[in-house]
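With chain A's structure known, arrange chain B on it following the hints.
Here the protein sequences come in this chain order: A and B.
Counting from 1, position 85 in the first sequence corresponds to residue 84 in numbering that gives the first Met the number 0; the numbering is continuous, with no gaps.
Counting from 1, position 264 in the second sequence corresponds to residue 263 in numbering that gives the first Met the number 0; the numbering is continuous, with no gaps.
Mixed in with the good hints, there may be bad ones.
Unchecked claim - For the chain A half of the interface with chain B, some residues (derived, Cβ under 10 angstroms), not all of them:
id : residue
1  : Gly51
2  : Leu52
3  : Val105
4  : Glu136
5  : Asp161
I should point out that these hints are in silico values taken from the structure, not numbers from a laboratory.
Quick caveat: nothing in here was measured; it's all calculated off a predicted structure.
Cβ atoms here follow ideal geometry from the backbone N, Cα and C, with glycine treated the same way.
If you want the building blocks of each chain, they are given just below.
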Amino acid sequence: MGAQVSLEGVSKFYDNEKALQDIHLTFTEDVTTAVVGPSGSGKSTLLQLINGLIRPSRGEISVFGSLIDYDRLPQLRLRIGYAVQGTGLFPHLTVWENITLLARLVRWDPARIKGRGQELMRLVGLSSSLEGRYPHELSGGQQQRVGLCRAMMLNPRIFLLDEPFGALDPMTRSEIHQEFLHLQKSEARTIILVTHDLREALKLAQEVVILNRGNLVQRGTCAEIVQSPAGEFVETFLNSQLED
Amino acid sequence: MKQLAIVVAASFLLLFLPPGSVSAPRQTIVVGSKHFNEGYILSEIMAQLLEDRGFQVDRKFGLGGTLICFDALRNGGIDLYPEYSGTLEQAVLKLPRRASYRELRRRLKEQFGLDLLDSFGFSNSYAVAVSRTLAEKIGLKTISDLARFPNLRFAFSLEFLNRQDGWPGLARTYGLSVRPLGIEHGLAYQAIRENKLDLTDVYSTDGDIRKFDLVLLKDDRRYFPDYLAAPLVRADVDEGAKQSLGELAGTISATEMQELNGMAVLEGKSFAEIAREVLSKKGLLHGGRSFRERSRWATLLSRTGTHLKLTLIALLAAMALAIPFGVLIYRLRVISRPVIYGAGLLQTIPSIALLAFMIPLLGIGSVPAIVALFLYALLPILRNTAAALFSIDPVLKKVAVGMGLTAWQRLRHVELPLGVPTILAGIKTAAVINIGTATLAAFIGAGGLGEPIVTGLALNDTSLILEGAIPAALLAVLTEFAFEVLERLVIPKHLRQKPAE
Numbered sequence: 000m001g002a003q004v005s006l007e008g009v010s011k012f013y014d015n016e017k018a019l020q021d022i023h024l025t026f027t028e029d030v031t032t033a034v035v036g037p038s039g040s041g042k043s044t045l046l047q048l049i050n051g052l053i054r055p056s057r058g059e060i061s062v063f064g065s066l067i068d069y070d071r072l073p074q075l076r077l078r079i080g081y082a083v084q085g086t087g088l089f090p091h092l093t094v095w096e097n098i099t100l101l102a103r104l105v106r107w108d109p110a111r112i113k114g115r116g117q118e119l120m121r122l123v124g125l126s127s128s129l130e131g132r133y134p135h136e137l138s139g140g141q142q143q144r145v146g147l148c149r150a151m152m153l154n155p156r157i158f159l160l161d162e163p164f165g166a167l168d169p170m171t172r173s174e175i176h177q178e179f180l181h182l183q184k185s186e187a188r189t190i191i192l193v194t195h196d197l198r199e200a201l202k203l204a205q206e207v208v209i210l211n212r213g214n215l216v217q218r219g220t221c222a223e224i225v226q227s228p229a230g231e232f233v234e235t236f237l238n239s240q241l242e243d
Numbered sequence: 000m001k002q003l004a005i006v007v008a009a010s011f012l013l014l015f016l017p018p019g020s021v022s023a024p025r026q027t028i029v030v031g032s033k034h035f036n037e038g039y040i041l042s043e044i045m046a047q048l049l050e051d052r053g054f055q056v057d058r059k060f061g062l063g064g065t066l067i068c069f070d071a072l073r074n075g076g077i078d079l080y081p082e083y084s085g086t087l088e089q090a091v092l093k094l095p096r097r098a099s100y101r102e103l104r105r106r107l108k109e110q111f112g113l114d115l116l117d118s119f120g121f122s123n124s125y126a127v128a129v130s131r132t133l134a135e136k137i138g139l140k141t142i143s144d145l146a147r148f149p150n151l152r153f154a155f156s157l158e159f160l161n162r163q164d165g166w167p168g169l170a171r172t173y174g175l176s177v178r179p180l181g182i183e184h185g186l187a188y189q190a191i192r193e194n195k196l197d198l199t200d201v202y203s204t205d206g207d208i209r210k211f212d213l214v215l216l217k218d219d220r221r222y223f224p225d226y227l228a229a230p231l232v233r234a235d236v237d238e239g240a241k242q243s244l245g246e247l248a249g250t251i252s253a254t255e256m257q258e259l260n261g262m263a264v265l266e267g268k269s270f271a272e273i274a275r276e277v278l279s280k281k282g283l284l285h286g287g288r289s290f291r292e293r294s295r296w297a298t299l300l301s302r303t304g305t306h307l308k309l310t311l312i313a314l315l316a317a318m319a320l321a322i323p324f325g326v327l328i329y330r331l332r333v334i335s336r337p338v339i340y341g342a343g344l345l346q347t348i349p350s351i352a353l354l355a356f357m358i359p360l361l362g363i364g365s366v367p368a369i370v371a372l373f374l375y376a377l378l379p380i381l382r383n384t385a386a387a388l389f390s391i392d393p394v395l396k397k398v399a400v401g402m403g404l405t406a407w408q409r410l411r412h413v414e415l416p417l418g419v420p421t422i423l424a425g426i427k428t429a430a431v432i433n434i435g436t437a438t439l440a441a442f443i444g445a446g447g448l449g450e451p452i453v454t455g456l457a458l459n460d461t462s463l464i465l466e467g468a469i470p471a472a473l474l475a476v477l478t479e480f481a482f483e484v485l486e487r488l489v490i491p492k493h494l495r496q497k498p499a500e
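With the rest of the complex left out, here is chain A:
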């Protein structure tokens, strides 16, 4: 298993405020890694460094084995799925138009677009009767599923998720978690999932990265994190999140 994303000594400052401090990290191919931490820990910044929405103040980032070429970002981003909290569906496009937008822009042939779109909708459990609806006519869970389909359309090898399930009610969230796992089983890819919810991380990811105030605190499999938390911060964080 190779590394598809790696950060070498990456720091990010905003007006002397440090958001990330000297991060060394690799994300393993076809594995789901959750990046967790309290708000302000830098987890969202980390994610946006990978698709070039943010440039590092220091350090280097490689994706698909080569350094990010900041002059050719759109080409890179087409190979990286991206989904955010609140879905970010385009309100002027129908469900089908949202899902297939990228494929149409890169000029896939219509039969391929149709096949891929329908396959994705089936995988996440969206009825084809929703194709012509506009986003505002859908429930929160349905919107979230459309967002996943849109990000998966070009079958990207890397998938970045920024708190995508944050705004959902517990029932819907649990359903989507199931579909997410189902999707990952049928089309395995490198997933980096940013969340503040440790339970979600443990449920969906194989590996966990814990950040606090811009520093990498611990990195390990789910079992390692739970069984041997590194230091006081992780312990407190675990306890606050996992106690009932």
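Frame of chain A; chain B shown alone:
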């Protein structure tokens, strides 16, 4: 800076227009007129005479005041219009002393290359008027006689009262020591009729002189300069046309002109009718071409067509410039303030002033009108385009970037489509403003629905004003409606702006 903007805008516009629309082709004679009753009548008489002699005539009537007409004549926007010798002497040539008609003719030829033809035969100068009854009762005939009646009640229009060549000079010349009141000109006639006033200033060919049965006192010391009315013609106009106009020399007396003015003001006859009557009475119509007045509906239709053409060309050109500029502002925030302020500045220029600015640059007719309308349409479209783009949900912008859309793809597939409701609202505002403003374009000879409005204002004829104002208002409402239909067609329901917003 403003001039530069106008020139840039103008040259931009010229690209869209067929050549030849700036100056009329050689064989067509463009007849202009000032924006007042007598000007319309004299111009229509000349126009019909020329048509009768087989010339193609283009009428550009109601062109504001002396300077607009004179500029238009100099730069070839019109070929001729009726002017007054006193006005030429004082307002145009700015001579310090009285000049003979021959001297005026020579100077106009030398300085401007214009031919001042022989006068129609009357002078429309300032005069002092009293009611006929009073004049006959006390034997008042000349202005000198006034010195004998110090108890008469004098009231003059404010302009006359304050002009050096008005009351102050008159009082000095005739040794009058009364202290006149100032009065609104229109009210003076009424006041004389009701015997509240004895004496006021008038124009000697005013139609109201007959209506209120006034007599003019003889200017026995020749204080008032002559305002002899005559055709003022560009030198390059066909000699045959000049000869035809020469036939009008000395044919209209001051009393007759009073009558003609009265026909328009008091009887509400059209200028075309009046001109035809005069010409046929004088046996000047040879029937080279029979005169026919177009039907009301045909006129209305052609005016509406012109109006729409002016508005539409200006609107399309404004869209072609303002929408890309709106996008540019969105991308380059540094320039956003200067550009928006610049467009805002254009908006603050009063429309009539903007139209007047156009004349030295572009002459008269539809080109300067379109340029002015174009400049007015810029701001609403520009501002709404920029506002539409700036107000897009930042999450959507971030997602569009993060998904891998290029700048152009984001604009084309996300930002502009989301901005359409606001941009369309801006275009709608511009269109409605333009339909209103285009009515003023008639002042610089662009025609359209403003034509009857401008004429109606000159005649104080409400029904004529309404003949332009009602269709213009309907057109504005229709435009509003058309845009609503367009919105329904192109914007999904949930993205439409509520009417109240």
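- Hold the hint about Glu136(A) up to the distance rule: shortest CB distance to chain B must be less than 10 angstroms. holds, 8 angstroms
Closer than 10 angstroms between Cβ atoms is the bar; does Val105(A) clear it against chain B? Give me holds or violated. holds, 9 angstroms
So, Asp161(A) near chain B? Judge it on the closest CB pair being under 10 angstroms. holds, 9 angstroms
Answer holds if the nearest beta-carbon of chain B is closer than 10 angstroms to that of Leu52(A); otherwise answer violated. holds, 6 angstroms
Was the hint right that Gly51(A) lines chain B, CB cutoff 10 angstroms?
holds, 9 angstroms
The structure is consistent with each of the numbered hints, conforming to all of them.
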